[in-house]
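Novice: Let's have the full structure, built from the sequences with the hints guiding it.
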Amino acid sequence: MRKVENRQHFNLYIYALISLIVTDIAIIIFLVGLIFSRPIIYVIIVILLIMVYFITRAIVNCLKYYISKEECYCENGTLIYKRILLKKFILKEMEIPLLNIQKVIDKGHIPSNNAEPDYLNPFHYVVLFFKYYERVLLEMKTGNKYEIFVYAFPYGTRGKSFEKIYNDNDFLKSFTELKEMIEEEQKKILFNQKVENLRERYNFPLEERYNYILNKIIDEEKLFISEKDNDFIINGDSEAIKDLDTFKNMNFEEIDFYLFYVNYLSKKEYENKKVLIGYNGIDGKEITMLKLKEDINEIRDSRSTFKN
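With the UniProt record's numbering as the guide, the letters of the sequence shown map in order to residues 1 to 308.
Just so you know, not all the hints are guaranteed correct.
[Claimed, not checked] Using 25 Å as the maximum straight-line C-alpha spacing, the simulated DSS-like pairs for lysine-lysine come out as follows:
| hint | residue 1 | residue 2 |
| --- | --- | --- |
| 1 | K69 | K92 |
| 2 | K69 | K131 |
| 3 | K268 | K228 |
| 4 | K216 | K141 |
| 5 | K141 | K187 |
| 6 | K222 | K273 |
| 7 | K87 | K141 |
Simulated from the structure, these hints should not be mistaken for lab results.
Specialist: In structure tokens:
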């Protein structure tokens, strides 16, 4: 099964995560000591509690959005999206019908106000981890929008000094693979639907198949002929000839309808020639060339009458 992954964390985020955890633990230990000390300094305790809250939230966000891995794959006509931590814990999962996806958009670099000299300051990441940026936008035909693939590089185009440890091409590769996978799967679904509709049509009652083929011949102004046992199998459905397995091993010759009319339907020597219309691999309507001509003319006349 083909999967597209977005996993871009690098050493700075590992450093930040460890630093924040150590800082959080140190503040909590100090806070506990203050609580049991005399006198109790409430202002400092409140300040430390606020710091613990924000640092803890930053740690959680780092794990959820920066250290975790995102993956997408297609299954049963659905795009499956998962955000996974440590290859085991599924933090988020979405199932999106593939044919509902209208656009896959790269929103581009995040406008960053981060100053490069702060990258070694653990508290810099407290702010950064609260501002995670999901760079890929999935627009639905229903109007809904989904954002996925966290952009793990916070410095936008300003972070030139980080190019040695982070390359935006990794993200762009994941985005391109995701877009291609969605487009390919959508084409497969539409193709399979078309083939299924054709199969159903060629299982219609014989008379319905016959009328369908005759109308197709007139609409497309061409037909396809294959000779079998000195008789003709005639079809006018180019998509069926191309896509249905029934016709894959049959040597059909494409011919312009008006040439066929002049060279076959209008010549007396072909009037009693047997032709098979609406053949589906099992049966078809067997008629003479003369009958075919009469029925085609009847349909053309009825259309002309309707237009007038």
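Novice: If a hint holds in the structure, say so; if it doesn't, say that too.
Specialist: Against the structure, the hints come out as follows:
Between the alpha carbons of K69 and K92 the distance comes to roughly 11 Å, so the proposed pair stays at or under 25 Å and holds. Our distance criterion of 25 Å between C-alpha atoms is met by K69 and K131, whose separation comes to about 18 Å. Proposed proximity of K268 and K228 is supported: the alpha carbons are some 21 Å apart, at most 25 Å. Proximity of K216 to K141 is assessed by CA-CA distance (about 32 Å); at most 25 Å being required, the pair is judged violated.
For a cut-off of 25 Å, the pair hint linking K141 to K187 stands: about 16 Å separates their Cα positions. Straight-line distance between C-alpha atoms of K222 and K273 comes to about 19 Å, which keeps the hinted pair within the 25 Å bound. For the given pair, K87 sits about 32 Å from K141 by alpha-carbon distance, which is inconsistent with the 25 Å threshold.
Hints 4, 7 from the list above are not met by this structure, while the remaining hints are.
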